[in-house]
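Asks: Please put together the full structure from these sequences, using the hints given.
These protein sequence lines are chains A and B, in that order. The numbers in the first sequence follow the working numbering, run straight up by one, and end at 257. The numbers in the second sequence follow the working numbering, run straight up by one, and end at 266.
Quick caveat, the hints were computed from the structure, so don't treat them as lab data. Glycine included, C-beta positions come from ideal geometry on N, C-alpha and C. Be aware that one or more of the hints could be misleading.
Unchecked claim - Derived coverage of chain B by chain A (criterion: at least 3 residues anywhere in the stretch with Cβ under 8 Å from a Cβ of chain A; other residues may be distant): (1) 153-163; (2) 168-181; (3) 193-201.
Next come the chains, spelled out residue by residue.
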Amino acid sequence: MNSDKPATGSPVPGSGESAGVESTTVGIVSLIGCIVRREWLVALRNPGQWVNPLLFFIVVVSLFPLGVGPSPSTLASIAPGVLWVSALLAVLLSLGALFDADYADGTLEQLVLSGQSLPLIVLAKVLVHWLLSGLPLLFVSPLLALLLNLPVHAIPVLMVSLFLGTLTLSFVGAIGAALTVGLNQAGVLLSLLVLPLSVPVLIFGSSAVVAAASGLGVAGQLLVLAALLLLALALAPLTAALALRIGVSGSS
Amino acid sequence: MFKWIHRFGSAPFVYRLAGWLSPWIGGACLLVLIAGLYLGLIVAPADYEQGESYRIIYVHVPAAILSMFVYLVMAIASAIFLIWRLKLADVIAQASAPIGASFTFLALVTGSLWGKPMWGTWWIWDGRLTSELLLLFLYFGYMALRGAIEHPQSAARAAAVLAVVGVINIPIIHYSVEWWSTLHQPSTITKSGGPSIHKSMAVPLFLMIFGFQLLYAYVLLIRIRIGILQREARTSWVAKLPEVNRV
Chain A
6 MNSDKPATGS PVPGSGESAG VESTTVGIVS LIGCIVRREW LVALRNPGQW VNPLLFFIVV
66 VSLFPLGVGP SPSTLASIAP GVLWVSALLA VLLSLGALFD ADYADGTLEQ LVLSGQSLPL
126 IVLAKVLVHW LLSGLPLLFV SPLLALLLNL PVHAIPVLMV SLFLGTLTLS FVGAIGAALT
186 VGLNQAGVLL SLLVLPLSVP VLIFGSSAVV AAASGLGVAG QLLVLAALLL LALALAPLTA
246 ALALRIGVSG SS
Chain B
20 MFKWIHRFGS APFVYRLAGW LSPWIGGACL LVLIAGLYLG LIVAPADYEQ GESYRIIYVH
80 VPAAILSMFV YLVMAIASAI FLIWRLKLAD VIAQASAPIG ASFTFLALVT GSLWGKPMWG
140 TWWIWDGRLT SELLLLFLYF GYMALRGAIE HPQSAARAAA VLAVVGVINI PIIHYSVEWW
200 STLHQPSTIT KSGGPSIHKS MAVPLFLMIF GFQLLYAYVL LIRIRIGILQ REARTSWVAK
260 LPEVNRV
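Replies: Here is the structure:
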């Protein structure tokens, strides 16, 4: 994999912006292709990265009936909130490690110094991370919805809202992961930073499911979720890239 | 312009200016707060519906306004620090965070105390109260991130990024929470008064808001001096200060 970026082995780390590095800038598509392929391989060889969030989601949701009692009507009324909060936590907890491995072995520093567009690299990394740890949540959510006695006709809306929402959360969480890169208790700190920012997604996501369960229209909530996703897609990679530069420069 | 900023942004100058200004602002703050409290608690009439308990408004509303105002100051200072690397802007942002968190906490406590006689319960998931709670979490996140990063320069820049991200999100959070609370409890709370508040109540309220702003400025100046001393502890001008040598 290292053969993808031969110019990054610059002998003088401080001269990252010299002309020699500029001339090796690759096209956007091949850059994203490289990152996606690399992340995909790393994740496949380390199954915990995508299995653990999924298991976490399933286990947390199954704890709620034990906590509040098995009455079907109670469960149905709390199901949208429980599913949404659990999915939110699963996404955020998995994001804590988004940059950690790359930071520990120095890959991140090389990516920052490579002269390639760092926001694009972040974008590619977040997308792969979401494909591996966010998308599986979508596929088990119908099963968990049935466990919680959510009406069946609300399940498509649940999946669409989770699709839009977990992707947004991945981008917002990437900012937090970039800000806390290389810190000791990054996981708890990340949640503290990102959870207040994730409130709009939670509100519109779960209210879409509530509305669908009681047979109301959901277009408004889903459109707001889509708008939030577009906003995060536009701004979060830039912000996370800036935060990564700060994190990497502070450690050396 | 930039020369001007650098001259007046220099640490010894700001340190002396803040030391000279703070007693004046502190004194003005004391006068305005005493006048506001006297007019609000003693002169102003009791409310037609809420009786005497409405008087907590003279603490609650200024604290709530300042809690958002301070975050705005913090975010603007952070943006200035990120763009122009002005150290003084970072001092202001860092000094503001605990003050803003205190105002937010005060707004929450007084809101809760006010809720008991009005709504019959200490806490209601009212849109404004919930927004304040989330604002408090944002302040906590800012301070926690600052404390977690050891390298002071990158702690300052990372926290500045977070403050700017937070200020972009605050309107989104605020309006989604407002929407959420109207969805769940339609029109249980209609704030009495509003713009049609009587003059005898409005004057002390504006005095209190002004007094709280002076209080913020006063505490900020003190904390700016502390921040400068911490950052410049090893420089020669700090070593020559009489108040440092006295200890």
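Asks: Each hint: holds or not?
Replies: Hint by hint, here is what the structure shows:
With a cut-off of 8 Å between beta carbons, the segment 153-163 of chain B has 6 residues touching chain A; three or more are needed, and the interface restraint holds. With 9 residues carrying a beta carbon less than 8 Å from a beta carbon of chain A, the segment 168-181 of chain B meets the three-residue requirement, and the given coverage holds. Look at the segment 193-201 of chain B against chain A: 4 of its residues bring a Cβ nearer than 8 Å to a Cβ of that chain, three or more, so the hint holds.
Going through the hint list in order, the structure satisfies each hint without exception.
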